[in-house]
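With chain A held as given, fit chains B and C onto it using these hints.
Protein chains in written order, with numbering that gives the first Met the number 0: chain A, 0 to 83; chain B, 0 to 390; chain C, 0 to 442.
Quick caveat, the hints were computed from the structure, so don't treat them as lab data.
Computed from a prediction, not measured in an experiment: that's the story for all the values here.
Even glycine gets a Cβ: it sits at the ideal position worked out from N, Cα and C.
Treat the hints with care, as some may be off.
What the hints assert, rightly or not - In silico contact screen, one side only, chain B against chain C (beta carbon under 8 Å); selected entries: (1) 40; (2) 45; (3) 87; (4) 151; (5) 155; (6) 289.
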Amino acid sequence: MTEDTFRLMGRTISFRAGESIAAALQAVGVLTYGPDALGNETRCFCGIGACQCCLVRVDGVVREACITLARPGMSVEPMERRNA
Amino acid sequence: MQTRTPSTVIVVGSGIVGAATAYFLAKRGVAVQLLDATAPAAEATGAADGAVSVASKRPGPMMQAALAGVELYRNLAKAGLFADVFKSRSTFIVASSDEECSVLTSHADALAGAGVRVERLGAAMLRERFPALSSNAMMAVEVHDEGHAIGYQIVHRLLTASGTIVARRTPVEGLVRASGGSRVVAVATPQGNLQADAVVIAAGNGSGKLLGLEQILTPRKGQLLITERVPPLNAAMAGSIMSGRYLLSKGSQPAGNGKPARGLGLVIDPLSTGQFLIGGTREDHGDRQTNDIDAVSRILADAVALVPELAAVRLLRSFAGVRTAVTDGLPLVGRIPGLENAYVATGFEGDGICLGPITGKVMSELVCGESPCIDIAPFNPARFDGLGVAA
Amino acid sequence: MRDPDILVIGGGPAGMSAALEAARSGLAVELVEQRESLGGAIYRQPIEGVQVIPQSAGARGRWAALSQAFSKAAIPVRFGSVFLGVDGHGYVLVENRQNGLVECLSPRAVVLATGAVEHVHPRPGWQFAGVSTAGGLQVMMKETGTAPRGSVLLAGSGPLLIAVAAQMARLGNPPLAIVESGDPYRRIMPGLSMLGFPKLLAEALGYLKDIHLHRIPWLRGSRLVRIERQGERFSAVVRAGDGSQSTFVCDRIGLHDGIRPNDYGLPQASSEAAAGPVILRAGDCREALGAIAAEADGRRAGRLAIQGVAASAADDIGKIDRQRRAQALLARLFAPVDDRSALDELADDTLLCRCEGKTVGDLRNLCQRVDSLTGREVKHNGRFAMGACQGRFCAANTAALMARFKPEAPASSAADLTGRRWPVRPVSIGALVRAASRDNDTQ
Chain A
0 MTEDTFRLMG RTISFRAGES IAAALQAVGV LTYGPDALGN ETRCFCGIGA CQCCLVRVDG
60 VVREACITLA RPGMSVEPME RRNA
Chain B
0 MQTRTPSTVI VVGSGIVGAA TAYFLAKRGV AVQLLDATAP AAEATGAADG AVSVASKRPG
60 PMMQAALAGV ELYRNLAKAG LFADVFKSRS TFIVASSDEE CSVLTSHADA LAGAGVRVER
120 LGAAMLRERF PALSSNAMMA VEVHDEGHAI GYQIVHRLLT ASGTIVARRT PVEGLVRASG
180 GSRVVAVATP QGNLQADAVV IAAGNGSGKL LGLEQILTPR KGQLLITERV PPLNAAMAGS
240 IMSGRYLLSK GSQPAGNGKP ARGLGLVIDP LSTGQFLIGG TREDHGDRQT NDIDAVSRIL
300 ADAVALVPEL AAVRLLRSFA GVRTAVTDGL PLVGRIPGLE NAYVATGFEG DGICLGPITG
360 KVMSELVCGE SPCIDIAPFN PARFDGLGVA A
Chain C
0 MRDPDILVIG GGPAGMSAAL EAARSGLAVE LVEQRESLGG AIYRQPIEGV QVIPQSAGAR
60 GRWAALSQAF SKAAIPVRFG SVFLGVDGHG YVLVENRQNG LVECLSPRAV VLATGAVEHV
120 HPRPGWQFAG VSTAGGLQVM MKETGTAPRG SVLLAGSGPL LIAVAAQMAR LGNPPLAIVE
180 SGDPYRRIMP GLSMLGFPKL LAEALGYLKD IHLHRIPWLR GSRLVRIERQ GERFSAVVRA
240 GDGSQSTFVC DRIGLHDGIR PNDYGLPQAS SEAAAGPVIL RAGDCREALG AIAAEADGRR
300 AGRLAIQGVA ASAADDIGKI DRQRRAQALL ARLFAPVDDR SALDELADDT LLCRCEGKTV
360 GDLRNLCQRV DSLTGREVKH NGRFAMGACQ GRFCAANTAA LMARFKPEAP ASSAADLTGR
420 RWPVRPVSIG ALVRAASRDN DTQ
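This is chain A alone, in the form it adopts within the complex (with noise of 0.2 Å):
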């Protein structure tokens, strides 16, 4: 199985064809993005796309982490850089 990768804040994570940011992070044990707006940490939490808790930049563009694939060369990024 050929694994792929994405960088998430200048980290390199392998990710398995299928799988979303979440799922992939959850793998190599990394459970919050950073902090949102507000300076909460995010999360997955709902894993249905709803509580709007795990947001992410995907390439700039804001996405809930738990229902967005993960494509090889994708930048994540967190909400907020403060304290990143």
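Frame of chain A; chains B and C shown alone:
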């Protein structure tokens, strides 16, 4: 005209005008009953753009009223009442075409002539002051000493500070006069007649039916948008942005095809939450419940053209308010013709938040037999012939 | 591009069966799904090369039949597309995340099948990263074929907790314990009545067998009252029915207090909209009764969509009624042992609305006024249900707490707080700007 202070007053409508009227009367020790058909700030006040601004005004009575309105906000903020609910900021009117530049230049002269502190910013200066702005912006006029307030927050604050309890779900169905006289003794509600020494009608579009003014008052809808929180971009905005096109398009334009007339303007207001409030439309109908993609995408296209980084921000909510407009474009503020102790204050269209508190103050003065602190003669309801009163 | 006659929103069992049923008529049917694969949360599919997590034979069979029928029917699916709402002119708005623009569709009927969301009571510490819903842990297991790592505590109430525990155990990492506020073993009558639902009972007993086999403590009549950070881990304080407290140190926590319709902001169902499509709801977003009822309800909605209105099928209604009885029974079976509500004793600094950072104390202050605020006033002045999740995780709790803080006030519902505006999910302004306006199409 009566010259003594009434001991009891009924105010009909707990939007910003009614709430402010109740506040200023209560401060004088008058016992106020504030009635609402539904709940406080449930209509236009709860869905307003919140501009406390003279920037788009032309010299005349509305500009004078708006100047007094802004000043009162600043004073009440200083006094603590509006301390954390009034955001002081400038308005930047931005021109992106030669036509807009020329209209804006003469508009700025008119503002300056009326004593408004304005500053002209050329392209280079503008870029420095406002890095988030697109390079399409050719020039801007900064209107100083303005601000923003959220209507429902102001109402909540006024009610809380004056200890006013709103009688919710209490629609007023008519005014009850002393037999054959010009004196109102009570208002009729489904819960029975409620008596008072004087009555103030500040019921927005509900005032039309109550006072038989359906021909004079018309509902005017405005669609508005609110984004998620974006603190860095918000902080990079030195004030609110108003498209210079707003000056060209103020006043409705016929849309043709039998559709109601609809005007589009653009204001981008950075809120203290880090969100942006973006508006809006002016539509000649009263369907408050809906927003349409045509209007929303056009407003947002204009917004992105001026602030490109907004494209990467998410829209959180759309909403719409139905304001009350008067056919001649001026509000109705004053004593109701033919009645000695009943007053009306409505028809502010998009200026209700700016003018609400000052109007409340004026109404308290009128009701107590004093001369009002601003000139309200141009707003006198008596200017309309045949103003009928439902009783 | 031609508009479909019938547009179905949501690729779970309700949406898939609605689309299938509608497609039998020969009308053009399309389905909108936010992810890149079908199944919804209940049948979330594993990624390639990963073993499907152990499920009951019934669930496996239902999915196999549904997915095969769906492939055979060749119904076009718009993957990676998020439903935003129906606008004032009757256009159905869909954010196509593959091409980054909002599409305005004009079907004759739209079937909303947006599923359920889990109900989670606020508890001190529920906002920490590492705390998720139990259903959230479950969909991740379904997707990746692996259990969450470290020591995991499950807490709340309901049959989903034992299902998740059993599945974790079968994947090699049984949870530390299940904290359950009810006690099904003490509910004799509803327990006996479950005999009338042999499939559900068999499924439950299968999970319970695993729980006993792996010696997972099932702490019935207990509540998770507080979560605290302890370095990289959590300490979770659990109070038993007798009032005694114990502390669990763990790495992850899964919370679950039931499910409810994901109907936030959805347009009202209408059979004769003046402008725009007929709007129908199907499955858990209409009434949260689970996958079996959702599939039957989808068929019902599919048929209604064809007919516009009127006749419904007796066999499906029978199935839905039966599932309604089953869910009511389960609710009694898992009813909290402690009469006090989990909402009664929350400390004021407990986070109630996570998106806007508003607490139980903020709401209490608002409710202490002499006059009773409406749901909308509480939203405006307290910012509850105003944040990015648009009330999905705080509106119901806020409405319930309002009723406790001010019992004499007219009751507010979650919908009073959330309102009914599009977008029902936040959407990129860039995508909206590129929305193809169609208002001039017909001129």
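Exercise for review: Against the earlier hints, flag every one the structure doesn't satisfy and list their numbers going up.
Suggested key: 3
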